[in-house]
Structure formats: structure tokens, C-alpha cells
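**Q** Got chain F sorted already, so can you dock chain C onto it with the hints?
2 protein chains.
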Amino acid sequence: MAAWGERLAGVRGVLLDISGVLYDGGEDGGTPIPGSVEAVARLKRSQLKVRFCTNDSQKSRRELVGLLQRQGFDISEGEVTSPAPATSLILKERGLRPHLLIHDGVRSEFDQIDTSNPNCVVIADAGEGFSYQNMNKAFRVLMDLEKPVLISLGKGRYYKETSGLMLDVGAYMKALEYACGIEAEVVGKPSPEYFQLALKEMGVEAHEAIMIGDDIVGDVGGAQRCGMRALQVRTGKFSRFREGAVLESEPGSKSQPWPRDLKQTPCSRALLSGG
Amino acid sequence: MAAWGERLAGVRGVLLDISGVLYDGGEDGGTPIPGSVEAVARLKRSQLKVRFCTNDSQKSRRELVGLLQRQGFDISEGEVTSPAPATSLILKERGLRPHLLIHDGVRSEFDQIDTSNPNCVVIADAGEGFSYQNMNKAFRVLMDLEKPVLISLGKGRYYKETSGLMLDVGAYMKALEYACGIEAEVVGKPSPEYFQLALKEMGVEAHEAIMIGDDIVGDVGGAQRCGMRALQVRTGKFSRFREGAVLESEPGSKSQPWPRDLKQTPCSRALLSGG
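Chains F and C, in that order, are what the protein sequence lines are. The numbering of the first sequence is numbering that gives the first Met the number 0, which starts it at 0 and goes up by one. The numbering of the second sequence is numbering that gives the first Met the number 0, which starts it at 0 and goes up by one.
Here chain F stands alone, though its shape is the one from the complex (with noise of 0.2 Å):
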């Protein structure tokens, strides 16, 4: 107990990770995780800051925060740290036009942007829009630049909605990558840009801040090379088959709930009962 205190210590904010931490996404909009609700407001009237930090790229902010609250959720637009708003601002400084391979529900984020004569491809979860002739659309323009500029919006594995595991973003970037013969640039956790960004967006420096996530590479691998405390659940895509025990608790079903992990550990105690 006194070890996770002493990990612990100094932590002044809380980086978020919302799929399959706060909520399991799904065709209804998904259901919250039981007691992630509860948590969620119990940080937040802590001393704690707390920020959302996601590679949601599915959804417009707007969108994901407006179905979170709808679950119940303390959440603003203002405290999600997104890829697509990330990766529009990298757009307009380098003066890139992009071919885009994205889900209709995220198109809103470039709204602002010069899709003609397209120089660059971005590549986000788009889900079924990962058709044969989508991919292979976004293959040809890469082939016909001198120098293809493939942007990445995060590069997840899978992840876990209701009706159970699906691909992410990071499988078909690795396709395009293949078969153009580059390599992405991944705008999304686990680039140290985009933990950076969150960091700066919350206020925090590295070292006084824990990431609490699902995704051993994206959440909790990736925070830690950038001098953060990282925190994996047993939610989401967590499977103790594939991944192996990282919280130090007891033996749960890879479908426990969140709190219940979380109050198996000393850290839960730290995190929750402060406030």
C-alpha cells in the first residue's frame, strides 16, 4: 500500500483515456462502464486537474462529448484532447491538403480545410468506410506524390465495442505504409507530441501526471517515455490472456467493470478518495 502511495506522490492531474475506460463504444453510442460515471465526478471534486485524452477519431468532439454527458458524464468540449483538431492545425501550418479516409462523423473538423489537388492522405478509424476502394483510392494518390505524406490519426490496434473487438486506425496504416514503402506520421497517443499537448492543454508538467488507460502500448507505454505515471484498467481491450497482469491485483475477467479493478488496487484509494 505505502509503495502505491509513494508512486503516487506529486501527481497534481489525470489524463483520461475515454474508449473502453470511461465507456465500451457502440452502434446505440455505446454504454458508460459501470461506476466510471461515479469516478469521473470524484475526480472532479478532488484537488486533481483532469483532462480527456483520446484517439477517438471516429467523432467530431462535439459529437463524443455530447454523448458522454448524455450518459451521465461531467465533461466539456474544452477538456478532450482529440486527434482530428490536432491534426487540422498541422494541416493548415504546413500548408497540406489531404486526401481523407475518415468517418463521416469526424468530417467537421476539417470543414476549414483545402481538400483540392490533394498532396498529403490522413487516414482516421473510418470504421466500414475502410472499403476495398477507399483503401485503395488513398494508395493511388500516396503513389502518385514524389514524396507521399501519410498522417495518421493514432495508430491503435483495435479496440472493444459491444458487439465486441474491432480493428482500429493503426491496422490500415500499416497496410498503406506496406504498400507505398513510408512511414505514418501518427498524430495521437503514443506520439510524445500529442501527450505533450495534453500536458500543456491541462497545465501539468510530465512528471505530475498519471495516465489511466486500456491500451498497454497507446496509454500506458506511450506516457511513460514522456516522463508520465501511467495506470492500466482491466476495462476495454485489456484481456489478461494477451497482456498479462499490469495493475497489481487480484485475477478479474478481462469484462470487469472499472471501479472494481481500480478498488482492488491501493490506487484506487489514492485516486478516488482524495477529493
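Derived from the structure by calculation, the hints contain no laboratory data. All C-beta atoms, glycine included, are put in the ideal place defined by N, C-alpha and C. Misleading hints may appear alongside valid ones.
Some but not every residue of chain C turned toward chain F, in silico, with C-beta under 10 Å [stated by the list, open to error]:
no., residue
1, Gly128
2, Tyr131
3, Gln132
4, Phe138
5, Met142
6, Tyr157
7, Gly169
8, Ala178
9, Gly180
Ranges of calculated distance between the beta carbons of each label pair, as one might list FRET restraints [as the list claims (entries may be wrong)]:
no., chain 1, residue 1, chain 2, residue 2, range
10, F, Asp143, C, Gly77, 34 to 42 Å
11, C, Asp113, F, Arg6, 47 to 55 Å
12, F, Asp110, C, Glu26, 31 to 39 Å
13, F, Glu26, C, Ser162, 32 to 40 Å
14, F, Ser162, C, Asp103, 19 to 27 Å
15, F, Ser162, C, Gln111, 29 to 37 Å
16, C, Ser162, F, Val216, 36 to 44 Å
17, F, Leu144, C, Pro33, 24 to 32 Å
18, F, Gln132, C, Thr30, 21 to 29 Å
**A** Using the frame of chain F, we list chain C on its own:
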């Protein structure tokens, strides 16, 4: 010129790639590359043994050979090494029951294979079959296996059809490899076992054979690693822009037909005037 003669000394057998070398595929069945029908006929009139070694995994051998015969090629089923029948043998030998992510055109090659309760995934050039839904289904089968086995019929990056460049199975293989954290087993060029199979079927040793193809990795590199000689044509997916000149001939456009390329090289005389 003498250099080419020396390089081809002792060659007894010719392995010919099909797509991009003999013909460019397309929705209408594709079109023969000008001069290639006659080039094959001349090779067959020569003392050289000829075998066709393809990574085509969209069509059964019967369908592929029928299509080429209608275009005027002198070719029979027994002269073709292709990945689907080779995979079918492997599945039987190892008692594997595949979930098939393949094109309907090649499904008949797996007629004798038990596909109930799958314990592996076989992926081929599925074309439009590479929908998000189908990819996700294959992904979930792999993730449900304790030791996921993914068999890929070739690992080509792309190929050329009359309508333009098309993503090949290798891109989708990479997507599943990344998502599952596994490495696929490849049945097809440039796998050494596959070239050995083709050589055995032709009855020629590696040092006595030359591979003619349009893919610098799958055809040329793979054959050379097996101890064969290799020649890259300037048709099909060949692009000076992307791969530089490989043949020792004058610069030509990437849409140059096959015999013109070969006629520009001393190699063509060695190969095509011997009959």
C-alpha cells in the same frame, strides 16, 4: 553482349510470372501485354523448359489458365505453380481448418478442406472482399485462438490492372499481423519453399533456372536468394520512378510492352532466339 551470354550460360529452365508480365488483369479479364503471346510461343519452341509461377490468388488455376488460353497463350494447368493449391496441401498436411478471407474465384481450390470451427485464417487477394466487416471477422477469429496462425497467399504490395494500381494481399496481411501482434506464414513468392516447389515441378535445379517477373522483391529478390538468376521486365508494376532501372537497356516508359524491353537487351536474344 558477351556479359549477358555468360550470365545466361547453363540456363535450362525459365520461370515466368504471369500478371504484369504476360498480361495486365482487369475486370474484363484483362489484356495480354503486346508481344507476350508470341514470346511464350517462342520460348516453348526452344530447348528451354518453361513453367508459370504466379502469386495470383484471386482465380483458381483452371480459371486463370482458361483466361490466358482465350488470350492466345500456350499454357496448361499442369504448367502453373500457384499459391492456392500449394496452401490447400499445407492445410491438409497440418490438419488446419481455415477461416477463408479469399476471392470467390479461388474458392473451388479449397473445396476439399474442412472449414468448420476454424483454427487458422487463410488470406488471399480478396479484392472487394477486403471489406471492413470481413477483415474484422478474420481478426476476431485470430484473436480467439490461443496460438493464432495466419497464412497469406503471397505478400505482394500491389499489382497493376488495366484500371490502375491495386492493393495486393500483402497490405492486408500486414494489417492483421499488426493488429494481432503475429507474423504470417507466406505461401507464394518470395518464399524460398515456393520457388523450390516450382523448380521441382519443372525438374530444373536453381542454378539452371531464371525467373522473369515485374516485382523486384517478389520475383527478382526472392529468386536470387534461392540461387536462381532473375530478370525484371519493365511492364506491369515496374516503375523507373519507384524502382530505378534494373534491365541493362535504354530508358523506357513504364508502359513499354514486354518484347520491346527484351529486344532492347542482349538477354532477349539469348532467351528468345534459341528455338
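**Q** Decide, hint by hint, whether the structure agrees.
**A** Evaluation of the provided hints:
{"no.": "1", "hint": "Gly128", "in the structure": "holds, 7 Å"}
{"no.": "2", "hint": "Tyr131", "in the structure": "holds, 4 Å"}
{"no.": "3", "hint": "Gln132", "in the structure": "holds, 7 Å"}
{"no.": "4", "hint": "Phe138", "in the structure": "holds, 5 Å"}
{"no.": "5", "hint": "Met142", "in the structure": "holds, 6 Å"}
{"no.": "6", "hint": "Tyr157", "in the structure": "holds, 5 Å"}
{"no.": "7", "hint": "Gly169", "in the structure": "holds, 6 Å"}
{"no.": "8", "hint": "Ala178", "in the structure": "holds, 4 Å"}
{"no.": "9", "hint": "Gly180", "in the structure": "holds, 7 Å"}
{"no.": "10", "hint": "F:Asp143 to C:Gly77: 34 to 42 Å", "in the structure": "holds, 41 Å"}
{"no.": "11", "hint": "C:Asp113 to F:Arg6: 47 to 55 Å", "in the structure": "holds, 52 Å"}
{"no.": "12", "hint": "F:Asp110 to C:Glu26: 31 to 39 Å", "in the structure": "holds, 36 Å"}
{"no.": "13", "hint": "F:Glu26 to C:Ser162: 32 to 40 Å", "in the structure": "holds, 34 Å"}
{"no.": "14", "hint": "F:Ser162 to C:Asp103: 19 to 27 Å", "in the structure": "holds, 26 Å"}
{"no.": "15", "hint": "F:Ser162 to C:Gln111: 29 to 37 Å", "in the structure": "holds, 34 Å"}
{"no.": "16", "hint": "C:Ser162 to F:Val216: 36 to 44 Å", "in the structure": "holds, 38 Å"}
{"no.": "17", "hint": "F:Leu144 to C:Pro33: 24 to 32 Å", "in the structure": "holds, 30 Å"}
{"no.": "18", "hint": "F:Gln132 to C:Thr30: 21 to 29 Å", "in the structure": "holds, 22 Å"}
Of the numbered hints given earlier, the model fails none.
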